[in-house]
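> Listed below are the residues making up each chain.
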Amino acid sequence: MQRIFITVVIVLLCIAGASAQSSNKLVAASAARGKTVYLQRCMVCHQADGGGVPKLNAPLDGSSAVNSTNLAKLVKYIVKGFNDRVEIDGEFYENAMPAAADLTDQQIADVLTFIRSNWSNKAGPVTALQVKQTRSKLK
Amino acid sequence: MKKVTQISIFSCLFMSLLLTAISTSAQNIKPDADNAGLSLPAGFAALKVADNVGRTRHIAVNKQGAIYAKLERLDNGKGIVVLKDTDGDGRAETKTSFGNYIGTGIAIKGNYLYAASNKEVFKYALNATGDIVDENAVATIVTGLMDKGQHNSKSITLDNAGNIYVNIGAPSNACQEKDRTKGSMGMMPCPILDSAGGIWQFKVDQLNQSYASGVRYATGLRNVVGLDWNNQLNQLFVTQHGRDMLNNLYPDLYDTTISAELPSETMYAINKGDNAGWPYVYYDHFKGKKMMAPEYGGDGKKTVDDKFINPAIAFPGHMAPNGLLFYTGNQFPARYKNGAFIAFHGSWNRSPLPQEGYYVVFVPYENGKPTGKWEVFANGFSGKSVVKNPRDAQHRPCGLAEGPDGSLYISDDVKGTIYRIMYQK
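These protein sequence lines map, in sequence, to chains A and B. Read left to right, the first sequence gives residues 1 to 139 (the working numbering). Read left to right, the second sequence gives residues 140 to 564 (the working numbering).
Only chain B is shown next, with the shape it has when bound in the complex (with noise of 0.2 angstroms):
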């Protein structure tokens, strides 16, 4: 009796050792024979691991190459779901799911899992071969951050000394005294900096933190969706969603063109205390510059020289760049290394002109710093060669995460299809 049971605990091991080397050669799975859908650079190859998850905002995988979802809606009462390829094929064969919360921000930092619900953030143990030892030991370490609807998702990313990052979007386009609402005043100074339009640090070993023992790390900040730990540079990148609607607000200062384009979408290399400007400005990526928020007295021309972090790069308006991750892998050619994949989820403000982005973008790194050109790495997630609107698009890339073979995963919150990116030469 006794034997057998080592027997089976032998050949339990050795299987699990040899799915671990299966599911970690991507060389020897084989995509898609369509790529799932999408464009790719030459050499690069794509399958979806699966299909039909929910509505999956930011993913984590473990170790072992396990997919943590994080779903913005419920999907038989459970708002994470964990995605095992069991057979070494790429694909998913087994999906669990636990947790009783929506939410957006999912990470795995050491053996930890941490996951966002709109107003808190909770942490599970993993064990060894990266499972939740108990899905309901949960410690709540975040608690009490605002969510009034707009812009609640919390995002999370975690660096190496003991502290978890948090966005509070600002419930809110540009702070006026009526949200989006014409003619109406920018507050000054915005009330709503106290609590929200930033990045809020907290310690990942202390429970029921909120406002008071936090910090706000970095403020001026919209509602940023994608951050990500830049372990190269030690520091905090983040991506903002700038403000809509500048011609619906003041037809007369922007047309339909302009407000279409403008402003622009931006990425932050973040140091402790940084401001980034909102409401107050805006950046102009044509022109290079901060611009005076005209409910703060700008006219599309004034510009804000002296105040105000600059972004790292900047982008087309509207695309929103809702995830974040800096690619530390080997499988993709040494070029990726260190540079950032954008996911796009796709514009809605930019009508009567066409809708852009619903693609992932690649930001190239030289020494620590962005070239300043970008391009579009994984195309195709809307299904359509032109968005026109935003109901159209079949799929909207929306997580990002790296296996630990160094394949690319991306998540899409339309239909909950996980895709898997890699470099087949």
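Bound-form chain A, shown alone (with noise of 0.2 angstroms):
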């Protein structure tokens, strides 16, 4: 009877794994294609060290809005553009983020799980369907 539970666990713990490293697999792949989106659409500004520039476009790079919860507001600067020169960590940028509203729900998805897990970002993978739920009700 211990025997059939220990045999019971070990696979439970071995299908839990296999799906664990195949979801990461999922995440690194969306994380690469969402690199690729960066390079065309976002490096230009927010450069190859996500470091951004001083006094003009925003960090990633440790910018507490990209490490946060609040998938809405990081889909909508996508999908809308931002240029509201609000105060952000304590810094103001003067140039204007352009809406990027032709990419879809899973390059948004893609490129918002590569800048949340690159550089000094430690925050989880979005997916597209997180995407759509959020974009569908942008106004």
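Restraint ranges, calculated between C-beta atoms of paired labels, are given here:
1) 524(B) to 73(A): 35 to 45 angstroms
2) 32(A) to 436(B): 34 to 44 angstroms
3) 371(B) to 70(A): 55 to 65 angstroms
4) 226(B) to 73(A): 50 to 60 angstroms
5) 215(B) to 32(A): 45 to 55 angstroms
6) 62(A) to 212(B): 16 to 26 angstroms
Within a straight-line C-alpha distance of at most 25 angstroms, the following computed DSS-like cross-link-like pairs (lysine-lysine) qualify:
7) 317(B) to 76(A)
8) 187(B) to 169(B)
9) 35(A) to 527(B)
10) 139(A) to 317(B)
Derived by calculation from the structure, the hints in this document are not laboratory data. What you are looking at is a predicted structure, and each value in this text was computed from that prediction instead of being measured. Virtual Cβ for every residue (Gly too), placed ideally from N, Cα, C.
Assemble the dimeric complex from its two separately framed chains, guided by the hints.
Here you go:
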């Protein structure tokens, strides 16, 4: 009886491990696609190191917004652009961030997954479904 | 009692004469052992006049050698810092401040100091010692200029006929319907040019002037940050920041290498009524041509030859010429006289290639024209041999001023270091 129990536990652990591994792989693939989007559409302003440009373009590396759980805000910045000139982590930025409304839900999920897990950032991935849900609520 | 006052007044006068004498002789000033971290041509030396002054944009030096620095972020609620070297060692011992507004432009002409916020220009009277008579007796000579964040800094210079020139940068990259957005076309005609994207001329002795009372002196200038009145030629010169993002907006027409080098940063000799062509054209220093902008039907090949002025000299793209100064002093060797110094703030629009600029350039002049060659004069501000990402730069040169003894002053708007460059054989 005990043996069976242990076997079951081991099998369950294996399944969990495997699915974690495959979801890690999915996240890694999403981040890799996101990097391509980043290089073409975001790097010019936010720079290769995610550090932005002092006084012009906000940094993404270490940004509290990028690392937060408020995905709706992040999706909105990308779909609508961002030109509010509000204080971001104690600084103001002069440039205008254009909307990238032509990006698909998947591409937005990918680029967000990339910026949230790259440089010193350690926030969780974003799925296309999550983007779809918040995007549909944007006016 | 009377006698004592008299004596002290005399000794004060004597001391200040002595100090002026010391501070005007660059030969006696000891430079920093490492030349303030800068590399300079042979015979030149540098020191840090002050450090951590704040985000210092442009600077002006009075006849006594005191430095007025305009801050882009208030420091203890103040936006203009006054630095004085009281013992003649070239370094500032005293620092005072006034003015509760941020900005870039600052200039001294005659007995007045002029300073700009991002919307206004103010005027203060100076007394015989070059100090502000009364910081509260400030006259608003220009007001209501466009400030939409992007390219909002106002730089100023003055001619000898009672006029002040103010740049009004366009709050836009290329006058697209939607700024910096892929696929968005350029507006025709560009409506921004009515109130920005040019140089406006105002009178120094009138109050509260704005668009209606000013003159649009030159147009088609996207974002000028450096401007100087050339007293030898009696003409306005400006340095323009060229447009960004050719590759991002038109990846099929411009690869990342071309987009890093183009368009050129440009310096123009300006006559009243000139049009430099933004947003319809940009300059290509490889071809030596004005090119039709892609937002207006350009393809990287179509040139525009029959309209708009040509630059006096052009530089590689995106280096951000923030300060312009025609050198009139006698301290530097003769070849520098009447040539132009340009402070390049340094690029951000060249990635994935390494960034460029972050140095001060000299443009030699002969017979009132640039020779066409330019050379890096002062380098090393960034503290890096290559700047990959702008945040890595420790200092970025921004403003330039000439001291009464012909020393060149350079301001840095990252840490607020003020450099003094001297020629010492």
